[in-house]
Amino acid sequence: MQASRARLFKEYKEVQREKAADPDIQLACDDSNIFKWTALIKGPSETPFEGGVFQLAFSVPEQYPLQPPQVRFLTKIFHPNVHFKTGEICLDILKNAWSPAWTLQSVCRAIIALMAHPEPDSPLNCDSGNLLRSGDIRGYQSMARMYTRLAAMSKKG
Amino acid sequence: MEDCTSSSEQDYYCSDQDSLDGIDNDESHVQWVPPKASSCKVITKESLLAAQREDLRRVMDLLSLREHHARTLLIHYRWDVEKLFAVLVEKGRDCLFAGAGVTLVENHDLPSSSTIMCNICIEDVPGADATKMDCGHDFCNNCWTEHFIVKINEGQSKRIRCMAHKCNAICDEAIVRNLVSKRHPDLAEKFDRFLLESYIEDNKMVKWCPSAPHCGNAIRVEDDEFCEVECSCGLQFCFSCLAEAHSPCSCLMWELWTKKCHDESETVNWITVHTKSCPKCHKPVEKNGGCNLVSCICGQAFCWLCGGATGRDHTWSRINGHSCGRYKEDREKKAERAKRDLYRYMHYHNRYKAHTDSFKLESNLKETIREKVSNLERNELRLKDFSWVTNGLYRLFRSRRVLSYSYPFAYYMFGDDLFMDEMTKEEREIKQHLFEDQQQQLEANVEKLSKYIEEPFDQFGENKVMEIRMVVINLSVITDNLCKKMYECIENDLLGSLQFGIHSIAPYQSKGIEKATELSVCWNPKVTNTEKCPTRDYHTNGITKESNRPSGSGSLDESGCSSRKRPRKESTIDLNLPAEVIDRN
Ligand SMILES: [Zn+2]
Ligand SMILES: [Zn+2]
Ligand SMILES: [Zn+2]
Ligand SMILES: [Zn+2]
Ligand SMILES: [Zn+2]
Ligand SMILES: [Zn+2]
Ligand SMILES: [Zn+2]
Chain A
55 MQASRARLFK
65 EYKEVQREKA
75 ADPDIQLACD
85 DSNIFKWTAL
95 IKGPSETPFE
105 GGVFQLAFSV
115 PEQYPLQPPQ
125 VRFLTKIFHP
135 NVHFKTGEIC
145 LDILKNAWSP
155 AWTLQSVCRA
165 IIALMAHPEP
175 DSPLNCDSGN
185 LLRSGDIRGY
195 QSMARMYTRL
205 AAMSKKG
Chain B
822 MEDCTSSSEQ
832 DYYCSDQDSL
842 DGIDNDESHV
852 QWVPPKASSC
862 KVITKESLLA
872 AQREDLRRVM
882 DLLSLREHHA
892 RTLLIHYRWD
902 VEKLFAVLVE
912 KGRDCLFAGA
922 GVTLVENHDL
932 PSSSTIMCNI
942 CIEDVPGADA
952 TKMDCGHDFC
962 NNCWTEHFIV
972 KINEGQSKRI
982 RCMAHKCNAI
992 CDEAIVRNLV
1002 SKRHPDLAEK
1012 FDRFLLESYI
1022 EDNKMVKWCP
1032 SAPHCGNAIR
1042 VEDDEFCEVE
1052 CSCGLQFCFS
1062 CLAEAHSPCS
1072 CLMWELWTKK
1082 CHDESETVNW
1092 ITVHTKSCPK
1102 CHKPVEKNGG
1112 CNLVSCICGQ
1122 AFCWLCGGAT
1132 GRDHTWSRIN
1142 GHSCGRYKED
1152 REKKAERAKR
1162 DLYRYMHYHN
1172 RYKAHTDSFK
1182 LESNLKETIR
1192 EKVSNLERNE
1202 LRLKDFSWVT
1212 NGLYRLFRSR
1222 RVLSYSYPFA
1232 YYMFGDDLFM
1242 DEMTKEEREI
1252 KQHLFEDQQQ
1262 QLEANVEKLS
1272 KYIEEPFDQF
1282 GENKVMEIRM
1292 VVINLSVITD
1302 NLCKKMYECI
1312 ENDLLGSLQF
1322 GIHSIAPYQS
1332 KGIEKATELS
1342 VCWNPKVTNT
1352 EKCPTRDYHT
1362 NGITKESNRP
1372 SGSGSLDESG
1382 CSSRKRPRKE
1392 STIDLNLPAE
1402 VIDRN
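Residue numbers (this note's numbering), protein chains in the order written: chain A, 55 to 211; chain B, 822 to 1406.
Keep in mind the hints are simulated off the structure, nothing from the lab.
One or more of the hints may lead you astray.
Claimed, not checked - Here are the simulated EDC-like pairs of lysine to aspartate or glutamate, each with C-alpha atoms no more than 16 Å apart in a straight line:
| # | chain 1 | residue 1 | chain 2 | residue 2 |
| --- | --- | --- | --- | --- |
| 1 | B | Lys987 | A | Asp78 |
| 2 | A | Lys149 | B | Glu1043 |
| 3 | A | Lys64 | B | Asp945 |
| 4 | B | Lys1025 | B | Glu1043 |
To be verified - Have a look at the derived ranges for each label pair, beta carbon to beta carbon:
| # | chain 1 | residue 1 | chain 2 | residue 2 | range |
| --- | --- | --- | --- | --- | --- |
| 5 | B | Ala907 | A | Met200 | 52 to 60 Å |
| 6 | A | Lys64 | B | Glu903 | 47 to 55 Å |
| 7 | A | Ala164 | B | Cys916 | 43 to 51 Å |
To be verified - If you want the footprint, here are the derived chain B segments under chain A, 3+ residues with CB under 8 Å:
| # | segment |
| --- | --- |
| 8 | 868-877 |
| 9 | 939-952 |
| 10 | 982-989 |
Where is the CB? At the ideal position from N, CA and C, for every residue including glycine.
Please take these sequences and the hints and turn them into a complete structure.
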């Protein structure tokens, strides 16, 4: 408990200091609870998510960083490895491949990488996974782009 | 077509369950077979450490490794030393190590005198408060400890990985033990126990004795996992599936059979499926043949499908004046088939159960036989040696057992469940005749043997006793040979010709189920490493202490060395020291 607090505090200071270092990621800690974080990440370019801004919610366990944080998308996203309703993410580093050397910032980076390189073989969103697996790249991209426009772009755009 | 079955005739379908726990281990108490060198070993709580070290030592010696690396390799290869060596020869050292998560760093840099930055807590710590694992990753002791505690509590003691991202290396157990015991001595003990028990839990050739309550022992077999063994606690079991000893049934057959007996016993509703009560006199009536117009012995005819009373005039498709719409032939074939299957099962089951029951009754003979023998001894006959009586009785037990398990075997061997596609119909018939011939011969001789053993020969005159003696000795030899031949036939002609070898059976043991001997361990803590272990190759008996599962290395820190064929240096071993320290002693 003590260790996780100290570590999160370090990460918080690091985030404040390096704010400009990674313009694609904006991490913020809940004012009253250091175990709750949110992040805004930019959809990677040359993907159907380009131009969208996606919100993530982090729930950090007391055993952190020995155990991984729970992360989910708050913004709707059409992606084979993200549950369409709950936003749950299927990513190995958030499960058995977790290493305590990861930080919340590097988890965000891994999620951006996942957006650019979906794994259709471990789908949480079967429709999306099936489109990709059947080779219907255009179908997948147009669906994903549509949801990006609907959910992840500011309304006036 | 008229058949009225009383329900009492069918009663025996319900009692299947008790016949399953049928043949127990009573025969184990009739023991006069001289103990022979056994290839099965009992590993008691006390000898577990020694047994494990034997394998560790082989790997450490061959690959010049430290103990925790040898253990990591062995856990990865499930304690199969031969397999590990095979991989070494085939794929080489690097591949062997990488696959199991063993990282050897050649040049251990000196511990940095200044501070290091721990990547986990993002804190600068003095070099003395940090630990570098074999893989070269360096983190602070605090973070390592927390990591180990989480992993041990998650039950992952056997494979605690390094904390660095994508580092596959398994952490040095000495470091784990050392750091954890500083904060949680009990957890360090738990860690050691996990490591120790891995020798049993991850090992194909070692299994816990299935006794309940548990006797605390494990059994190690030498080269064939298809065997039947007796633990020093007296329990006999099939090493492969841990059920009761069941040869000549294969494990799969036995599993199916137990399940079937259980399921069938629950179909007391056989009666409800196969009989219906007459709408007039309410007696159960069994349907006989394909036609759905059934008649009761009271003369009432009724429709099998709806149970309604009808007249007698009918065709295949309708009964005059009756139109429930269900009078059709459709499900007939299925029902007929199910009935045929059930009769077939009953045939085998009744014989299986009869022999199991005889076995139980004959087990009670032990006492009477002992009495008879002492009576004979008092009679001061010229004949002084009565071993033929006990040998005969023992042979009776053995062959009775074989006989009863031969029925479930035959049920599956010649039935449709398992080998339908493996044999043509003709082939199957020929094989079945061959087998049944043997089975009947065995059956006849076993019954004869049983009859003679039950004779009140202690009341007979000397000549009559001599006569019976000859017969019993002859029958003993004959049944033994017949059993042997039956196993050979099963192994070679029946199971041996099958495409898939999943139906291996434990070989026939004329002497009975092998008793595992205790793995010998020497207990003298003063033995120095130059002395040879004095109990080498001597199978000690009776060092089984109180029977619990091994619990913690704390209770195992007596010095122990074990002996087996492989020659090697014996020395006192202190569990709490890493192997390399012991080596220097
Ligand atoms: Zn640290
Ligand atoms: Zn490492
Ligand atoms: Zn036992
Ligand atoms: Zn078995
Ligand atoms: Zn009737
Ligand atoms: Zn008829
Ligand atoms: Zn009817």
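B/Glu903 and A/Lys64 - C-beta distance against the hinted 47 to 55 Å: holds (50 Å)
Given coverage of the segment 982-989 of chain B by chain A, checked by CB-CB distance under 8 Å (3 or more): holds (count 5)
A/Ala164 versus B/Cys916 beta-carbon gap, inside 43 to 51 Å or not: With Cβ atoms ~29 Å apart, the hint is violated.
8 Å C-beta test of the segment 939-952 of chain B against chain A, three or more residues: That given contact holds, which follows from 5 residues of the segment 939-952 of chain B lying within Cβ reach (below 8 Å) of chain A.
Holds or violated: B/Lys987 to A/Asp78, with C-alpha atoms at most 16 Å apart: violated (25 Å)
Distance restraint between A/Lys64 and B/Asp945, which requires alpha-carbon spacing of 16 Å or less: Distance ~12 Å between A/Lys64 and B/Asp945 Cα, so the pair holds.
Restraint status (C-alpha distance of A/Lys149 to B/Glu1043 at most 16 Å): violated (40 Å)
16 Å Cα cutoff - pair B/Lys1025, B/Glu1043: holds (11 Å)
Satisfaction of the hinted span 52 to 60 Å by the C-beta atoms belonging to B/Ala907 and A/Met200: With Cβ atoms ~56 Å apart, the hint holds.
Three-residue Cβ test at 8 Å for the coverage of the segment 868-877 of chain B by chain A: That given contact is violated, which follows from only 0 residues of the segment 868-877 of chain B lying within Cβ reach (below 8 Å) of chain A.
Hints 1, 2, 7 and 8, counting from the list given before, are not met by this structure.
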